[in-house]
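Novice: Using the sequences and the hints given, assemble the complete structure.
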Amino acid sequence: MASQDHSQVLRNPGFQELVRQRARFAWTLTIAMLVIYFGFILLVAFAKPLLATKIGDGVTSFGIILGLGVIVSAFVLTGIYVQRANSRFDELTRRLKRELI
Amino acid sequence: MSRMLIIATAALVALDATLSAVLAAGPDLGTVQRQPLNWTAIIMFLAFVLGTLGITYRAAAQTKSAADFYAAGGGITGFQNGLAIAGDYMSAASFLGISGLVFASGFDGLIYSIGFLVGWPIVLFLIAERLRNLGKFTFSDVASFRLDQTQIRILSAVGTLVVVAFYLIAQMVGAGKLIELLFGLDYLYAVIIVGVLMIVYVAFGGMKATTWVQIIKACLLLAGATLMSLIVLWRFGFSPEAMFAEAVKIHPRGDAIMAPGALVADPVSAISLGLALMFGTAGLPHILMRFFTVSDAQAARKSVFYATGFIAYFYILTFIIGFGAITFLMNDPNFFKLGAGGAYDKVRDILGGTNMAAIHLATATGGSLFLGFISAVAFATILAVVAGLTLSGASAVSHDLYAEVIARGRVSEQKEVRISKISAIAIGIVAIILGYVFENQNVAFMVGLAFAVAASCNFPVLLMSVLWKGTTTRGALIGGLLGLVSAVAMVVLSKAVWVQTFGFARELFPYDNPAIFSMPIAFLGIWAISKFDASSRAKAEIASFDAQYIRSETGIGAAAAHAH
Numbered sequence: 008m009a010s011q012d013h014s015q016v017l018r019n020p021g022f023q024e025l026v027r028q029r030a031r032f033a034w035t036l037t038i039a040m041l042v043i044y045f046g047f048i049l050l051v052a053f054a055k056p057l058l059a060t061k062i063g064d065g066v067t068s069f070g071i072i073l074g075l076g077v078i079v080s081a082f083v084l085t086g087i088y089v090q091r092a093n094s095r096f097d098e099l100t101r102r103l104k105r106e107l108i
Numbered sequence: 004m005s006r007m008l009i010i011a012t013a014a015l016v017a018l019d020a021t022l023s024a025v026l027a028a029g030p031d032l033g034t035v036q037r038q039p040l041n042w043t044a045i046i047m048f049l050a051f052v053l054g055t056l057g058i059t060y061r062a063a064a065q066t067k068s069a070a071d072f073y074a075a076g077g078g079i080t081g082f083q084n085g086l087a088i089a090g091d092y093m094s095a096a097s098f099l100g101i102s103g104l105v106f107a108s109g110f111d112g113l114i115y116s117i118g119f120l121v122g123w124p125i126v127l128f129l130i131a132e133r134l135r136n137l138g139k140f141t142f143s144d145v146a147s148f149r150l151d152q153t154q155i156r157i158l159s160a161v162g163t164l165v166v167v168a169f170y171l172i173a174q175m176v177g178a179g180k181l182i183e184l185l186f187g188l189d190y191l192y193a194v195i196i197v198g199v200l201m202i203v204y205v206a207f208g209g210m211k212a213t214t215w216v217q218i219i220k221a222c223l224l225l226a227g228a229t230l231m232s233l234i235v236l237w238r239f240g241f242s243p244e245a246m247f248a249e250a251v252k253i254h255p256r257g258d259a260i261m262a263p264g265a266l267v268a269d270p271v272s273a274i275s276l277g278l279a280l281m282f283g284t285a286g287l288p289h290i291l292m293r294f295f296t297v298s299d300a301q302a303a304r305k306s307v308f309y310a311t312g313f314i315a316y317f318y319i320l321t322f323i324i325g326f327g328a329i330t331f332l333m334n335d336p337n338f339f340k341l342g343a344g345g346a347y348d349k350v351r352d353i354l355g356g357t358n359m360a361a362i363h364l365a366t367a368t369g370g371s372l373f374l375g376f377i378s379a380v381a382f383a384t385i386l387a388v389v390a391g392l393t394l395s396g397a398s399a400v401s402h403d404l405y406a407e408v409i410a411r412g413r414v415s416e417q418k419e420v421r422i423s424k425i426s427a428i429a430i431g432i433v434a435i436i437l438g439y440v441f442e443n444q445n446v447a448f449m450v451g452l453a454f455a456v457a458a459s460c461n462f463p464v465l466l467m468s469v470l471w472k473g474t475t476t477r478g479a480l481i482g483g484l485l486g487l488v489s490a491v492a493m494v495v496l497s498k499a500v501w502v503q504t505f506g507f508a509r510e511l512f513p514y515d516n517p518a519i520f521s522m523p524i525a526f527l528g529i530w531a532i533s534k535f536d537a538s539s540r541a542k543a544e545i546a547s548f549d550a551q552y553i554r555s556e557t558g559i560g561a562a563a564a565h566a567h
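Note that the protein sequences, when read in sequence, are chains A and W. Residue numbering for the first sequence follows our numbering, beginning at 8 and increasing consecutively. Residue numbering for the second sequence follows our numbering, beginning at 4 and increasing consecutively.
Derived from the structure by calculation, the hints contain no laboratory data. Remember, predicted model here, so these are calculated numbers, not experimental data. Be a bit skeptical, because a hint or two may be false.
To give an idea of the interface, some chain A residues facing chain W are shown, with a C-beta separation under 10 angstroms as derived from the structure [stated by the list, open to error]:
#1 Leu36
#2 Thr60
#3 Ile71
#4 Lys104
Built from N, CA and C at the ideal position, the CB exists for glycine as well.
Specialist: Here it is in C-alpha cells:
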C-alpha cells in the first residue's frame, strides 16, 4: 500500500518537474563552482606570471583581483540558488504538497 | 627552543599539513615568550565567560527533551544559524593563521582562505536541504535512513569521532599555546580552563547554549576584525592600491607578495588539498549537525547563504589585516626580537611568530585596550569551536552508538540525554589529557587529517546514500571504511607524520594531502561493492529508496526537531 503511494508520487508530473528543475539547477551551479575554484588552483600552479600581471600602472596584480573574485563568486552562486529556490522551487513544492495531502 | 617554537607555531596555525610544512620548513620564527599577565584581556574574557554562562544557565532551564539538547528544539532561525555556522568555521586558526600567512607571504594566504570558502556552495546545492528533510539530530540519521541502522551508524559514529578527536586535539594544543602567549597563563591551566568551560556549556546548555556562544563569538570576531580593517584602510584613504603599494615597499620579498609563491609548488598536492577542503566541509559532523537546529529545509538553505556571506567577508578582512600588519608593523622594531645592533628579519623575528601578526596589529592600531579585546575574542573563538566539536562527539556516542546500536532504540529520551551529558564530560576530560600529552608534538597535520577523513568517509557515504538508489549497506560500509583507512594511512605515511613525527628518513607517500586518492577510493568502493551486492537485504534497501527520495526532495514527512 505504502509503495503504491510512493509510485504515485513518483509518477506525479509536479514532482517530476520539481526534481528535474532543481537537480539541473543545483548541478549546474555545482559544476560552475568546481570550474571556478579548480581553474583558479590550476592558474596558481601553472600560470604564475599571468597572475603576477599588474592592473594598469598600480601594484595590484591580476591574481589578487581574481582571488577576490573567486570569493565573491562563491557568495553570489549561493545567492542565485537561494533566490531561485525561494521563488520557484518552494512554489512547486507547495503546489505538490497541496495536491498530495 | 627553535624546535619548540616551530611546533608552537605549527600547532597554532593547525590548519593543515601543507600550511604547517611551509611554516615548519622556515628557520627560526622568533621566540616563544610568555607575556606578562594581560589584565585588560583577562577582564574582557571574564565578561565573555560570565555572559555565556548566564546564557547556559537559561538554556539549561529550557533544555528538557532530546530535541532541545541535540538541536536546540529546532528553534534557531536561518540568520542565527548562519552566524553560528560561520562561527564554527572562523576558528582562531583561520583568524590568526591566515592573517599570519598573508603577513609572511602575501598572496599565498588568499589561496587558503579561498579553499576554505568554496565548500559552502557545494554544501548548499547538494546537501543542506536533503539533510534537513531526512535527519533528526545527527548526519548518521540521514546515512542510515534506509540502510542497516547498526552498521551504518557505527561507521558514521566512528567517522564522526575520528574527525572530532583530531580536530579537538589540534584546537586544544593551539588553545594552550595561544593562551600562554596572550594571557601569560601556564599551558596546563589554559588547557584545563578551556576543557572545563566547554564541558559546562555542552553538558548543561546543550545545543542552545553552544549555538548562542557561537553566535556571540562570531559577532565579536566580525566586529573586531572589521574595526581593525577600517583603521588600516583609513590610513590609506580607503585605497587598497595605496595599501598594497606601501606593503610592497616595506616587505622584504617586495613585489613577490602580490603573486603566487612557493605555497602551491606541486599541482597534485594543491588539487588534493583543494578537494579535502572543499568536500571535507560537507562532511564535518559538527557543521552538519547545525542543519537540524532550524525549522525546515528553507531555513537550512538560508543559513548556508548567510554563513557563506559572513565567511567570505571574514576572509576578505583577514587579507586586509595581513597587509595591514605588513604596513603597520614591519618598520617598527617594538614588535620584533632584535639581533646585534638592532637588526631584525621583518618576517621571522616578529615576537611570538607570524601567527601573532593580527594580535600585534591590534596594539598598533588601538593600543593595549584593543589588544585586550582581540586577545579575549581569540580565546572566546577557541572556546566556542571546541564546544561545538564536543557536542557533536557526544551526540555520536549517545544518539548513534548508545540509543540506536546498543539499546536498539529502546531507551527513554531522558536517559539518552543523560548519556550524552556524561559523554560530553568524558570527551572534555579526554581532550584535556590529550591536550596536555600532545603539548610538544606536531599536531598541525591533525586538522588536515580531520578534513581528509571527512571528505573521504563521511561525505561519500552521506552523498551516495542520499543520491544514488543503488547504494546498499554493504557498499556504504566497505566503501566508507576504505576511504577512512586509506586517508589515515596516507597521512601517516606522508612527510608530516612519517618523517617529522616518527623521525623516519623518507616519507612513503609523496603528497601532503590524500584526498585526491582516498575520495575516489571511497566512491568507487561504495559503487562497486553495492553493484555486486545481490543479497535480499540489498534488494529491500534499493526498493525503499523511493520513500527516502520523495522525503529528501519535498520534505513530506520530515521530522520536526521541535516535536515534543
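Novice: Run every hint past the structure and note whether it holds.
Specialist: These are the hints, each one checked on the structure:
no., hint, result
1, Leu36, "holds (5 angstroms)"
2, Thr60, "holds (9 angstroms)"
3, Ile71, "holds (6 angstroms)"
4, Lys104, "holds (6 angstroms)"
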